[in-house]
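A.B. asks: So the chains spell out like this:
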Amino acid sequence: MTEAGTTAGEAKKVRPIVPYLKLPEKEGEEAVLVGVRCKACGKAFLGERLVCPACTAINQFEPVTFSRTGELYAYTIVHQSAPGIPVPYISAIIDLPEGVSVRANIVDVEPRPENLKFGMKVEMVTRKVREDSEGNDVIAFFFRPVEG
Amino acid sequence: MREVAVIGVGMIRFGRYDKSVWELARDAILEALQDAGVEFKKVEALYSGNMYRTNLSGQQILQQIGLTGIPVVNVVNACATGSTAVREAYLAVAMGLHDIVVAVGSEQMGKMGLLGADAARREESVEGILGSGLMPAIFSTAGVEHMRKYGTTIEQFAKVSVKNHKYGYYNPRSQYRVLLSLEDVLNSRMISYPNTLYMCCPTGDGAAAVVLAPMSRAREFTSKPVKIAASVLTTDPYTDRVFALPDPNTMTRNAAKLAYEQAGVGPEDLDLVELHDCFATAEILHYENLGLCPEGEGGRLIDEGETEIDGRIPVNISGGLLSLGHPIGATGVSKICECVWQLRGEAQTPDRQVPDCKVALAHTIGLASGGACTIHILVR
Chain A
64 MTEAGTTAGE AKKVRPIVPY LKLPEKEGEE AVLVGVRCKA CGKAFLGERL VCPACTAINQ
124 FEPVTFSRTG ELYAYTIVHQ SAPGIPVPYI SAIIDLPEGV SVRANIVDVE PRPENLKFGM
184 KVEMVTRKVR EDSEGNDVIA FFFRPVEG
Chain B
12 MREVAVIGVG MIRFGRYDKS VWELARDAIL EALQDAGVEF KKVEALYSGN MYRTNLSGQQ
72 ILQQIGLTGI PVVNVVNACA TGSTAVREAY LAVAMGLHDI VVAVGSEQMG KMGLLGADAA
132 RREESVEGIL GSGLMPAIFS TAGVEHMRKY GTTIEQFAKV SVKNHKYGYY NPRSQYRVLL
192 SLEDVLNSRM ISYPNTLYMC CPTGDGAAAV VLAPMSRARE FTSKPVKIAA SVLTTDPYTD
252 RVFALPDPNT MTRNAAKLAY EQAGVGPEDL DLVELHDCFA TAEILHYENL GLCPEGEGGR
312 LIDEGETEID GRIPVNISGG LLSLGHPIGA TGVSKICECV WQLRGEAQTP DRQVPDCKVA
372 LAHTIGLASG GACTIHILVR
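Residue numbers (my numbering), protein chains in the order written: chain A, 64 to 211; chain B, 12 to 391.
Take these hints with a grain of salt, some might be off.
Unchecked claim - Lysine to any residue pairs mimicking SDA-like chemistry, simulated, CA-CA at most 25 Å apart: (1) A:Lys76 / B:Val137; (2) A:Lys180 / B:Glu308; (3) B:Lys160 / B:Leu193; (4) A:Lys106 / B:Pro248; (5) A:Lys76 / B:Glu308; (6) A:Lys106 / B:Leu193; (7) A:Lys75 / B:Gly77; (8) A:Lys106 / B:Leu208.
What the hints assert, rightly or not - Stretch-level coverage of chain B by chain A, calculated; a stretch enters the list once three of its residues show a Cβ under 8 Å from a Cβ in chain A: (9) 70 to 77; (10) 143 to 152; (11) 192 to 204; (12) 254 to 261.
Unchecked claim - The calculated label-pair distances, taken between Cβ atoms and stated as ranges, are: (13) B:Glu319 / A:Pro146: 37 to 43 Å; (14) A:Gly182 / B:Glu315: 26 to 32 Å; (15) B:Leu67 / A:Thr119: 30 to 36 Å; (16) B:Leu67 / A:Glu90: 54 to 60 Å; (17) A:Gly162 / B:Gln70: 47 to 53 Å; (18) A:Pro146 / B:Lys52: 56 to 62 Å; (19) A:Arg78 / B:Met12: 50 to 56 Å; (20) A:Arg175 / B:Leu108: 55 to 61 Å.
Keep in mind the hints are simulated off the structure, nothing from the lab. Quick reminder that beta carbons are idealized off the backbone N, C-alpha and C, glycines included.
Construct all of the structure, not just a fragment, from the sequences and the given hints.
C.D. replies: Here is the structure:
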């Protein structure tokens, strides 16, 4: 039996950068964003909740696995940030088809406005961003333009 | 509810000071008390807004101006901290709890730089990995959303900075008194597209204070009382992208609707608007949020000069946050001070006195992972 968050054949543990990123647990699985949908009002949220912030219904949620592809809603290109954060980069708002929006970096494209079309299709990818203090690989999600 | 009047205002020039923040607050309060002709012993309660030195801020200020033992309420509400303190003071007078009260906003940011940058450096931070939650990114993305919806251009956003710096140049209380051309603004370095350096407000030190009293007693103190015709506070309600992109728009729209109802005026009745231009993009959004123009016409409003001092609805004739500065806790109070000076015809230089100013609106928002919005409508 492999431990949760570990892929077969690797001793090193991996962990997601945020709880709503679910990493693959076995061969053939893909990383996904997970959350809940309120059965009372239909609104979806990343991560877990007890009370619906949209309609105040208590504990009427069902789990949702969000699509790995979405559309670019809006963005900015960050040229100045805190020391140590590489710039420039694209900070984007991605609409996912299940009715939730997520903030993420768009990668694999030069950070220039002409490369970013409103409504363009983007897909999620995951990459190691650092090691935590226990030596685990920390995995984050990003979006990149879908070819074609 | 009783009618409430502003009977005194005071504000130090925003900038960077070697004095303590409590001394800055003292100076603003002493000016406001002198303006009102009230000695501090007559003040019945103090409402103190300060974001970075929250605990017992008002008591620290009392140590500078008199330990009279009065009740103090310390307030924090992000960039709406100072205006929330004014609202608390207003409510106390309106409800008959007190007669003479002071609201003060103060902040000392020094050369703090980009807000939130310290937190962004922590190991567990997601800043720069899962997009950016820092202020420039939030208000820049909101600007890009407006570009998407209405075709607003970077030049239109940049014109806001040109305009506000022009009026700030004539305001002796302004932190950055510099005239900028459109080229200066567009060619300054990009901070977060589409906002360049001059389209982002500075950090700084500052303090501002108001003295309030019931309108029935206002003429004991001043021949020019200014009535607070509306005082509204809202927070960000649920909107579909609110957890990904904090929403400065809906809470401002909700507050504006309530404020216009409370004051019995509409946007067409306003002679001056002091709105929260933390970034140039924000000012265009708030033109529409406050109903100064129809949906999608914010860009046209700045293009046609309608928000200039001689335009249909002058906006940010103080210089706005972009030029006047934005020492967080002080900002919301300073906007109310500016409205009062304009309503009294006492703008410090003739180049920035709005002619025949009768109705003014002061708007402040705080936004991060949550939001607060205040609107005050002031009438002479």
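A.B. asks: What are the numbers of the hints that this structure violates, sorted from low to high?
C.D. replies: 5, 6, 7, 8, 9 and 18
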